[in-house]
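Asks: For reference, the chains in residue letters:
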Amino acid sequence: MASSSMSQKLINHNPDLRRLQNEGYEVECRDGYLIVHSVPYVNASGTLDWGDLISALELSGEQTCSPVRDHQVWFTGSLPHTNQGKPVSGLGGQGEIRQTLTDGIEARYRFSNKPSGGYQDYFQKMSRYALLLSQYARAIDPNVSAQTFKPIPETDETSPFLYVDSASSRTGITAVSQKLAMDKVGIIGLGGTGSYILDQLAKTPIREIHLFDGDDFQQHNAFRAPGAASLQALQSQPSKVGYFEDMYGHMRNGLVAHHQFIDETTVDDLAEFDFVFICVDRPVVRKIIADFLTKAEIPFIDVGMDITLVEEDLTLVGTCRTTLSTESKSDHISKYASFTGERGDDLYRSNIQVADLNALNATLAVIKWKKYCGFYQDCYLEHQSCYSINTHQLTRDELSEEVS
Amino acid sequence: MSNGKSEQAPGQNKSYSIIVNGRPKEVTQKKLSYLEVVQIAFPGEQPSPQRIYTVTFSNPHGKDGTMVEGQEEVIKDGIIFNVTKTDQS
Chain A
321 MASSSMSQKL
331 INHNPDLRRL
341 QNEGYEVECR
351 DGYLIVHSVP
361 YVNASGTLDW
371 GDLISALELS
381 GEQTCSPVRD
391 HQVWFTGSLP
401 HTNQGKPVSG
411 LGGQGEIRQT
421 LTDGIEARYR
431 FSNKPSGGYQ
441 DYFQKMSRYA
451 LLLSQYARAI
461 DPNVSAQTFK
471 PIPETDETSP
481 FLYVDSASSR
491 TGITAVSQKL
501 AMDKVGIIGL
511 GGTGSYILDQ
521 LAKTPIREIH
531 LFDGDDFQQH
541 NAFRAPGAAS
551 LQALQSQPSK
561 VGYFEDMYGH
571 MRNGLVAHHQ
581 FIDETTVDDL
591 AEFDFVFICV
601 DRPVVRKIIA
611 DFLTKAEIPF
621 IDVGMDITLV
631 EEDLTLVGTC
641 RTTLSTESKS
651 DHISKYASFT
661 GERGDDLYRS
671 NIQVADLNAL
681 NATLAVIKWK
691 KYCGFYQDCY
701 LEHQSCYSIN
711 THQLTRDELS
721 EEVS
Chain B
61 MSNGKSEQAP
71 GQNKSYSIIV
81 NGRPKEVTQK
91 KLSYLEVVQI
101 AFPGEQPSPQ
111 RIYTVTFSNP
121 HGKDGTMVEG
131 QEEVIKDGII
141 FNVTKTDQS
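Protein chains in written order, with the numbering used here: chain A, 321 to 724; chain B, 61 to 149.
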């Protein structure tokens, strides 16, 4: 939920929103929506009532888009009528809906009224809809108006974003996205896969994303990381966690960099986490973390890949693995991930990694996390999945007992 | 990648053309266990808690799946195995 200060910042920056507020409409920008509160209308029984008009708020940076491409609005009240007792015409005639747009806002109607030429800005759009409804209310009581000049109460400061997630609001999935708003998520290891996991998680409403890695961000890392690192950034020899904290700090708050590896002495730091992504390549470290999280009943996803060169035809083969452990199912982890041994004691170890497979492994992990959160439907509740490159194969195993 | 059919006629000495980690192999067993597939991929290695292998298999027109310790799979011509350690990130 955007704070009222964020809402006010947007209103101040945009002449059309400012004009709405200046002319007394109860304007609020929240979670990618523009809300005009307390619009009077006449209900089906012919008496006065009040409802909120809501529009998706399309922004470019912090500027509202003009003309407004989407001419429709939502309404939280009942079906508006005229003072003569007929439904107000020109609103599109769609039936009643029940759509939760975001926390605490449930739309009951969707209206469609498009003047020739469309709407030049949000002032024109919202004031026209307000007039369409309130003109009949004013016929009953000339003292009522949508232009109340009433101050908007404070809302909680909980959104991590520096600007509004208009991608969710434009498509009407803000309420679904809010299922992802965990308090504290950890990424252990900011290598190729971990950094792409961060790239995806940064765009979800998780409040705190904790990054753990003791390495520095070096030139070769830039070729297995999202975005495009500048030469200057590399020359400043940042830590990996510092580099990513800066990069994603352009977009959101709540990034917490821990310039350290996790070991027996620091694994307790994970005690309060809601979810952890394990993206390490040392089996002993994986075991320390997985054992701790399992005992603490903290769900986690462990990722890993292995790519090898087929010398005969100079191609690469390999597999990406995504393994989920939850409060209710954690006994399968040791079947799929090595828990002991060290790097280097393995004759066949190649350590080939390629950015697109890092990104794919990360994306598979994030999709699984989103299923765990209830964002995506999850029919099989698979806890183990592999993608094999040369067979174009995606597997599902360790289905939860509820469905098997 | 596969050279298709074995040159041997079907019968008692039937062998199967399979692919393991991108390389053509010939086997005569009608079934291969997890352990046997790992040893085709990495001769001399033994799975252990130190070495967990991710084994996927795929048939051009048949079933796909995975194998863990203790499981085996019916072998058909063209079956493709990938045996990897999936512990890089």
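Treat the hints as calculated values from the structure; they're not laboratory data.
Every residue, glycine too, gets a C-beta built ideally from N, C-alpha and C.
Mixed in with the good hints there might be a few duds.
[What the hints assert, rightly or not] Straight-line C-alpha distance at most 25 Å; calculated SDA-like pairs for lysine to any residue: (1) K649/A with I100/B; (2) K85/B with K523/A; (3) K123/B with L714/A; (4) K91/B with T711/A; (5) K85/B with S670/A; (6) K607/A with Q110/B; (7) K123/B with L701/A; (8) K136/B with T711/A; (9) K607/A with L629/A; (10) K91/B with Q383/A; (11) K85/B with V630/A; (12) K136/B with K649/A; (13) K123/B with G569/A; (14) K691/A with G125/B; (15) K649/A with K90/B; (16) K649/A with P107/B; (17) K85/B with L636/A; (18) K655/A with F102/B; (19) K136/B with K691/A; (20) K90/B with L629/A; (21) K649/A with F102/B; (22) K123/B with Q673/A; (23) K499/A with E702/A; (24) K615/A with V630/A; (25) K523/A with K607/A; (26) K655/A with S75/B; (27) K607/A with S118/B; (28) K655/A with D137/B; (29) K655/A with S118/B; (30) K91/B with L701/A; (31) K123/B with D698/A.
[Said to hold, decoys possible] According to the in silico footprint, chain A covers these stretches of chain B (three or more CB under 8 Å from chain A): (32) 94 to 100; (33) 118 to 128; (34) 132 to 140.
[Unchecked claim] Chain A is nowhere near these chain B residues, computed Cβ spacing over 10 Å in every case: (35) N73; (36) K74; (37) Y76; (38) T88; (39) Q89; (40) K90.
Asks: Would you mind marking each hint as holding or not holding in the structure?
Replies: Structure-based check of each hint:
Of the pairs offered as hints, the one joining K649/A and I100/B is violated, with about 32 Å between alpha carbons and a cut-off of 25 Å exceeded. Distance restraint check for K85/B and K523/A: the Cα-Cα separation of roughly 46 Å exceeds the 25 Å cut-off, and the hinted pair is therefore not satisfied. A hinted pair counts as satisfied when its Cα atoms are at most 25 Å apart, and K123/B with L714/A qualifies at roughly 12 Å. Distance check on the hinted pair: K91/B and T711/A sit about 20 Å apart at the alpha-carbon level, within 25 Å; holds.
Proposed proximity of K85/B and S670/A is supported: the alpha carbons are some 22 Å apart, at most 25 Å. Taking the CA atoms of K607/A and Q110/B, the gap is near 11 Å; set against the 25 Å cutoff, the hint holds. At roughly 20 Å between alpha-carbon atoms, K123/B and L701/A fall within 25 Å of each other, so this suggested pair holds. A hinted pair counts as satisfied when its Cα atoms are at most 25 Å apart, and K136/B with T711/A qualifies at roughly 15 Å.
Proposed proximity of K607/A and L629/A is contradicted: the alpha carbons are some 28 Å apart, above 25 Å. A distance of roughly 65 Å separates the Cα atoms of K91/B and Q383/A; the hinted pair therefore is violated under the 25 Å criterion. Restraint check for K85/B and V630/A: satisfied, since their Cα atoms lie roughly 13 Å apart, inside the 25 Å limit. For the suggested pair K136/B and K649/A, the alpha carbons sit about 34 Å apart, so the restraint of at most 25 Å is broken.
Note on K123/B and G569/A: the hinted pairing is violated, with a Cα-Cα distance of about 46 Å set against a maximum of 25 Å. Proposed proximity of K691/A and G125/B is supported: the alpha carbons are some 22 Å apart, at most 25 Å. As the CA atoms of K649/A and K90/B are separated by approximately 34 Å, the hinted pair breaks the 25 Å bound. Straight-line distance between C-alpha atoms of K649/A and P107/B comes to about 24 Å, which keeps the hinted pair within the 25 Å bound.
For a cut-off of 25 Å, the pair hint linking K85/B to L636/A stands: about 17 Å separates their Cα positions. Distance check on the hinted pair: K655/A and F102/B sit about 19 Å apart at the alpha-carbon level, within 25 Å; holds. Straight-line distance between C-alpha atoms of K136/B and K691/A comes to about 35 Å, which puts the hinted pair past the 25 Å bound. Among the hinted pairs, K90/B with L629/A is inconsistent with the structure: their alpha-carbon atoms are about 28 Å apart, more than 25 Å.
With a CA separation close to 31 Å, the supplied pair K649/A and F102/B exceeds the 25 Å bound. About 28 Å separates the Cα atoms of K123/B and Q673/A, which puts this hinted pair outside 25 Å; it is violated. About 20 Å separates the Cα atoms of K499/A and E702/A, which keeps this hinted pair within 25 Å; it holds. Straight-line distance between C-alpha atoms of K615/A and V630/A comes to about 41 Å, which puts the hinted pair past the 25 Å bound.
Only pairs whose Cα atoms come within 25 Å are accepted, and K523/A paired with K607/A is rejected, the gap being roughly 29 Å. With a C-alpha separation of about 31 Å, the suggested pairing of K655/A with S75/B is violated against the 25 Å cut-off. A distance of roughly 30 Å separates the Cα atoms of K607/A and S118/B; the hinted pair therefore is violated under the 25 Å criterion. Between K655/A and D137/B, the direct Cα distance comes to roughly 28 Å. Violation of the 25 Å bound is thereby established for this hinted pair.
Restraint check for K655/A and S118/B: satisfied, since their Cα atoms lie roughly 20 Å apart, inside the 25 Å limit. Our distance criterion of 25 Å between C-alpha atoms is broken by K91/B and L701/A, whose separation comes to about 30 Å. Of the pairs offered as hints, the one joining K123/B and D698/A holds, with about 22 Å between alpha carbons and a cut-off of 25 Å not exceeded. With a cut-off of 8 Å between beta carbons, the segment 94 to 100 of chain B has 0 residues touching chain A; three or more are needed, and the interface restraint is violated.
Note: the segment 118 to 128 of chain B has 5 residues with beta-carbon separation from chain A under 8 Å; the three-residue rule is met and the coverage holds. Closer than 8 Å: that is the beta-carbon criterion, and the segment 132 to 140 of chain B has 1 residues meeting it against chain A, so the requirement of 3 is violated. N73/B, annotated as away from the interface, keeps every beta carbon of chain A farther than 10 Å; the closest lies near 27 Å. With a closest Cβ-Cβ approach of about 23 Å to chain A, K74/B is found to remain outside the 10 Å limit, as its non-interface label requires.
With a least beta-carbon separation of about 17 Å from chain A, Y76/B lies farther than 10 Å from that chain, consistent with its non-interface assignment. The beta carbon of T88/B is kept farther than 10 Å from every beta carbon of chain A, the shortest such distance being approximately 23 Å. For Q89/B, the requirement that its beta carbon stay farther than 10 Å from each beta carbon of chain A is met, with the minimum near 21 Å. Distance check for K90/B against chain A: the nearest CB is about 21 Å away, which clears 10 Å, and the non-interface claim stands.
The structure shown violates the earlier hints numbered 1, 2, 9, 10, 12, 13, 15, 19, 20, 21, 22, 24, 25, 26, 27, 28, 30, 32 and 34.
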